[in-house]
Amino acid sequence: MPVEVRGVIALRKALNAYAPDLAKELTAEITKSLKVIQKDARGFVPSSAPGGLYNWDRRSKTEPKAFNTSGRVRPFPRYDAAIIRRGIVYRTGYGKPNSRGFRSLFRIKNTSAAGTIYEKAGRLNPNGSGESRSNNPNAGARFVQQGALYGSKKSGQDMRGRVIYRAWAQDEGKQLKAIFDAIDKTDKAFKARIASGAVKGAA
Amino acid sequence: MSNIVIDILAEFTGKNAFKSAETSTDKLNKSVKSLGKTLGLTFSGAAVLAYAKKSIKAAAEDQAAQASLAQTLKNLGLETGNTAEAVNGFISNLERQTGIVDDELRPAMDRLLRATGSVSESQKLLGLALDISAGTGKDLTTVTQGLQKAFLGNVQGLGRLGVGLTKAELKTGNFADITAKLTDLFAGQAQRQADSFKGSIDKLAVASNNASEIIGTGLIAALQGLGKDQSINSLTTDIEDFATEISKSIQAIGILLEQLKSIPDLLAKTGGPIFKLPKGLTGAIFDLEKLFKFTSVGALSGIFDFVNKGVSGDSTAAGLAHLAELQAKYSASTLKNGKKLTEEELKQLKAKQLKLAIDKANLVLGKGENIFDMEKISLAAAEKNQAEQLGKITSQAQLLQITNDLARLEIKQSILALEEAIATGNVKAITAATNKLNADLNILGVLTGQKIKLTEIESILKGILPKDLINLANLNEAIRLLGLIGAGTGNTMATHAAPILGDPNKSPTAVPGSSPVLIPSIYAFGQRPNQGGGYDFFDPEKVGMFSAGSSGSKGTTIVVNVNAGTIANPDELTTIIQDAVISLNKRGDLLTYAGSL
Numbered sequence: 000m001p002v003e004v005r006g007v008i009a010l011r012k013a014l015n016a017y018a019p020d021l022a023k024e025l026t027a028e029i030t031k032s033l034k035v036i037q038k039d040a041r042g043f044v045p046s047s048a049p050g051g052l053y054n055w056d057r058r059s060k061t062e063p064k065a066f067n068t069s070g071r072v073r074p075f076p077r078y079d080a081a082i083i084r085r086g087i088v089y090r091t092g093y094g095k096p097n098s099r100g101f102r103s104l105f106r107i108k109n110t111s112a113a114g115t116i117y118e119k120a121g122r123l124n125p126n127g128s129g130e131s132r133s134n135n136p137n138a139g140a141r142f143v144q145q146g147a148l149y150g151s152k153k154s155g156q157d158m159r160g161r162v163i164y165r166a167w168a169q170d171e172g173k174q175l176k177a178i179f180d181a182i183d184k185t186d187k188a189f190k191a192r193i194a195s196g197a198v199k200g201a202a
Numbered sequence: 000m001s002n003i004v005i006d007i008l009a010e011f012t013g014k015n016a017f018k019s020a021e022t023s024t025d026k027l028n029k030s031v032k033s034l035g036k037t038l039g040l041t042f043s044g045a046a047v048l049a050y051a052k053k054s055i056k057a058a059a060e061d062q063a064a065q066a067s068l069a070q071t072l073k074n075l076g077l078e079t080g081n082t083a084e085a086v087n088g089f090i091s092n093l094e095r096q097t098g099i100v101d102d103e104l105r106p107a108m109d110r111l112l113r114a115t116g117s118v119s120e121s122q123k124l125l126g127l128a129l130d131i132s133a134g135t136g137k138d139l140t141t142v143t144q145g146l147q148k149a150f151l152g153n154v155q156g157l158g159r160l161g162v163g164l165t166k167a168e169l170k171t172g173n174f175a176d177i178t179a180k181l182t183d184l185f186a187g188q189a190q191r192q193a194d195s196f197k198g199s200i201d202k203l204a205v206a207s208n209n210a211s212e213i214i215g216t217g218l219i220a221a222l223q224g225l226g227k228d229q230s231i232n233s234l235t236t237d238i239e240d241f242a243t244e245i246s247k248s249i250q251a252i253g254i255l256l257e258q259l260k261s262i263p264d265l266l267a268k269t270g271g272p273i274f275k276l277p278k279g280l281t282g283a284i285f286d287l288e289k290l291f292k293f294t295s296v297g298a299l300s301g302i303f304d305f306v307n308k309g310v311s312g313d314s315t316a317a318g319l320a321h322l323a324e325l326q327a328k329y330s331a332s333t334l335k336n337g338k339k340l341t342e343e344e345l346k347q348l349k350a351k352q353l354k355l356a357i358d359k360a361n362l363v364l365g366k367g368e369n370i371f372d373m374e375k376i377s378l379a380a381a382e383k384n385q386a387e388q389l390g391k392i393t394s395q396a397q398l399l400q401i402t403n404d405l406a407r408l409e410i411k412q413s414i415l416a417l418e419e420a421i422a423t424g425n426v427k428a429i430t431a432a433t434n435k436l437n438a439d440l441n442i443l444g445v446l447t448g449q450k451i452k453l454t455e456i457e458s459i460l461k462g463i464l465p466k467d468l469i470n471l472a473n474l475n476e477a478i479r480l481l482g483l484i485g486a487g488t489g490n491t492m493a494t495h496a497a498p499i500l501g502d503p504n505k506s507p508t509a510v511p512g513s514s515p516v517l518i519p520s521i522y523a524f525g526q527r528p529n530q531g532g533g534y535d536f537f538d539p540e541k542v543g544m545f546s547a548g549s550s551g552s553k554g555t556t557i558v559v560n561v562n563a564g565t566i567a568n569p570d571e572l573t574t575i576i577q578d579a580v581i582s583l584n585k586r587g588d589l590l591t592y593a594g595s596l
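Protein sequences, first through last, are from chains B and Z. Sequential numbering from 0 applies to the first sequence in numbering that gives the first Met the number 0. Sequential numbering from 0 applies to the second sequence in numbering that gives the first Met the number 0.
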């Protein structure tokens, strides 16, 4: 018999079914916290490509969005701050379960290709890589020199980056606490409502 | 698309996760089950009806699709007598080779035929579409739509498929060039996929589906055969009649069993042979007879003729003996069933006990889940570390918080133990783990409720809290020691001299005592007391700071050498600092403040 863990998903389902107003309130509260991280992260995106990587920059809208297209599976994206900022998003819906059976409930994402490169370039090879087949094998070192990595690396989880990881690290858990508080508050309000008999059939 | 995500909260949903991760092997299993298991093992009742229904539906859809394709060929003027048959044969072969069902292939072919107006061109493009679909992972319908539009001049859809063509190539190249490049890029992809394990499974699934369609076609023909005039209207009427008779017969079987039970009592009451069967029993048998007649089981109908005509006097004894035998068999069967039921009940009871224990455990787990929060503990641990670094663990609240965290960690361990116990299905282990978790939860409840007496952890507090240096007792002790210094006599310090400030609440009235002070330690207004009880100005010569008689030596300049190590020149220093900063950045030890770039 599989163990059924009751938690936030169950609470949100119950709220949607029996107290939609509380569900909306909870989503709004969480969104507020996620927006703080999103705004901070967008603020960490430089308006032009970091120094020393000038050719990566897409200086005008007339320039192509990618280069080195020949012989590549996928063209290399140019640095465009507007696209990167637009790609930093938050989601409050349930994600798909991962291989270990966990579903993400709330998340911040850096979705653009250039944003991903700027986020984590140099994490693997901070001194560049001689074995790299890249056109610029020392890009890793150049990135690290121009923009430091923020956050921490734990076993199995590398949370170092320059945009969303940086915003998350510098927030120091304040928004996380706010999200927990919002969930606790809603949970209490819902239970109180059930106890008072205002919600029928939810017990 | 590469993607970077911070998962802020996640929840374990194991059951659903594993459901979602259902593999293609499971899908095949389902398909094969529907054919093999249904036909081979449980070829009866509702399963057969459900399978037959599904097969008929599949066959009907297949026939409709074939007809639609034939109509398209006819409309395009491509039908030359056997073109539809040839195209369907081509699709069947393709289906078997690639493992893609004809339900997908036929509409794709239909679409391409309408765009190109040529069977050979459509076959070529369908082959290309299969390669692209296998190479990109896009479904066949999307790829075919893209090719259809591209053939008609709209190449944008093809660009969106992500096939590796640049905008320039799409704009400048004609359709022939584009298809030539696509053929080069995706050559052999469909074959590769068909030869893979997944392809093999798909092929088997296709075979299973085809079997369903073939059976469905046969069933349609068989059902049409049941109708006398081969029309669907009479067939549906017959089906409804069949269903009505089945329903009546089921009711009749129930009545028959009930009446059989009452036969011994009836025999006892009448004390003789039965000449007339009860009305209900007759009706039931009549319904059964109708059913068997309907289904053309003629051999059995004779039995019902025998019953309806009544039982003759000669055969009464034999009939009674047969009834007695039936009753005995029924009793034995009932007893056997009773025993079976008891065993089943025992099994159910055990299962219920296990379920009860697991439910109880889940309830406690739910409680634990609410309390345990790794992030909160991490935050508390971080706070604790900061406090330790600053040496400021001074409040009982902090200590209580740390104790709470330890209790939470203990709960987490208990939860894991309980989950393991549940996985093993051992009731004793589950009960023990549940009790342990309950105990841990109680401890945490006491801690969070602050019902614990703080005096009980006084010893811990003593060990952690720093000594308070400034309090009244310490001040009084310091004043007493000062008094001892002031009351020293002769060459030794007075051991019981009166303090300068005997009473700390009173002001001193005079310089204390007539006893001489040999080594005064207290200075007043730049002077110090002499042995006569008066005060002298401070003379550096007396303490040997300067030698007497060396005039001018008092004005000697004092040089202080400070050893500051090696001082580099500014350029070198700048380089060293820059290197150090870069090195720190590489290691992740940041020097920049929040928001800087």
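Hints listed in this document are in silico derivations from the structure and should not be mistaken for laboratory results. Treat the hints with care, since some could be wrong.
Derived lysine to aspartate or glutamate pairs resembling EDC-like cross-links, with alpha carbons at most 20 angstroms apart [claimed, not checked]:
1. B:Lys152 with Z:Asp176
2. B:Lys38 with Z:Asp6
3. B:Lys23 with B:Asp183
4. B:Lys64 with Z:Glu168
5. B:Lys153 with Z:Asp6
6. B:Lys153 with Z:Glu120
7. Z:Lys166 with B:Glu62
8. B:Lys31 with Z:Glu120
9. B:Lys119 with Z:Asp6
10. B:Lys152 with Z:Asp588
11. B:Lys12 with B:Glu28
12. B:Lys176 with Z:Asp588
13. B:Lys12 with Z:Asp176
14. B:Lys95 with Z:Asp176
15. Z:Lys427 with Z:Glu324
16. Z:Lys148 with Z:Asp194
17. B:Lys108 with Z:Asp6
18. Z:Lys170 with B:Asp157
19. B:Lys176 with Z:Glu168
20. B:Lys184 with Z:Glu10
21. B:Lys95 with Z:Glu10
22. B:Lys108 with Z:Glu120
23. B:Lys173 with Z:Asp6
24. B:Lys176 with Z:Glu120
25. Z:Lys338 with Z:Asp358
26. Z:Lys148 with Z:Glu120
27. B:Lys119 with Z:Asp588
28. B:Lys34 with Z:Asp6
29. Z:Lys435 with Z:Glu476
30. B:Lys184 with B:Glu62
31. Z:Lys585 with B:Asp56
Status of each hint after checking the structure:
1. B:Lys152 with Z:Asp176: 50 angstroms, violated
2. B:Lys38 with Z:Asp6: 17 angstroms, holds
3. B:Lys23 with B:Asp183: Within the cut-off at roughly 15 angstroms; holds.
4. B:Lys64 with Z:Glu168: 16 angstroms, holds
5. B:Lys153 with Z:Asp6: 15 angstroms, holds
6. B:Lys153 with Z:Glu120: Judged against 20 angstroms, a Cα distance of about 57 angstroms means the pair is violated.
7. Z:Lys166 with B:Glu62: Distance of about 14 angstroms is within 20 angstroms: holds.
8. B:Lys31 with Z:Glu120: Roughly 57 angstroms between the alpha carbons, so the hint for Lys31 (chain B) and Glu120 (chain Z) is violated.
9. B:Lys119 with Z:Asp6: 17 angstroms, holds
10. B:Lys152 with Z:Asp588: Status holds; Cα separation ~12 angstroms.
11. B:Lys12 with B:Glu28: 17 angstroms, holds
12. B:Lys176 with Z:Asp588: This hinted pair is violated, its Cα atoms lying about 25 angstroms apart.
13. B:Lys12 with Z:Asp176: This hinted pair is violated, its Cα atoms lying about 54 angstroms apart.
14. B:Lys95 with Z:Asp176: With Cα atoms ~41 angstroms apart, Lys95 (chain B) and Asp176 (chain Z) exceed 20 angstroms; violated.
15. Z:Lys427 with Z:Glu324: 50 angstroms, violated
16. Z:Lys148 with Z:Asp194: 30 angstroms, violated
17. B:Lys108 with Z:Asp6: 9 angstroms, holds
18. Z:Lys170 with B:Asp157: Violated. Lys170 (chain Z) to Asp157 (chain B) sits at ~43 angstroms, over the 20 angstroms cutoff.
19. B:Lys176 with Z:Glu168: 53 angstroms, violated
20. B:Lys184 with Z:Glu10: Holds, because 19 angstroms separates the two Cα atoms, which is no more than 20 angstroms.
21. B:Lys95 with Z:Glu10: 11 angstroms, holds
22. B:Lys108 with Z:Glu120: It is violated: about 45 angstroms lies between the C-alpha atoms, which goes past 20 angstroms.
23. B:Lys173 with Z:Asp6: Within the cut-off at roughly 15 angstroms; holds.
24. B:Lys176 with Z:Glu120: 63 angstroms, violated
25. Z:Lys338 with Z:Asp358: Violated. Lys338 (chain Z) to Asp358 (chain Z) sits at ~30 angstroms, over the 20 angstroms cutoff.
26. Z:Lys148 with Z:Glu120: Status holds; Cα separation ~15 angstroms.
27. B:Lys119 with Z:Asp588: Between Lys119 (chain B) and Asp588 (chain Z) the Cα gap is close to 16 angstroms, so the pair holds against 20 angstroms.
28. B:Lys34 with Z:Asp6: 14 angstroms, holds
29. Z:Lys435 with Z:Glu476: 53 angstroms, violated
30. B:Lys184 with B:Glu62: 51 angstroms, violated
31. Z:Lys585 with B:Asp56: 24 angstroms, violated
Hint check: violations occur at hints 1, 6, 8, 12, 13, 14, 15, 16, 18, 19, 22, 24, 25, 29, 30 and 31; the rest are consistent with the structure.
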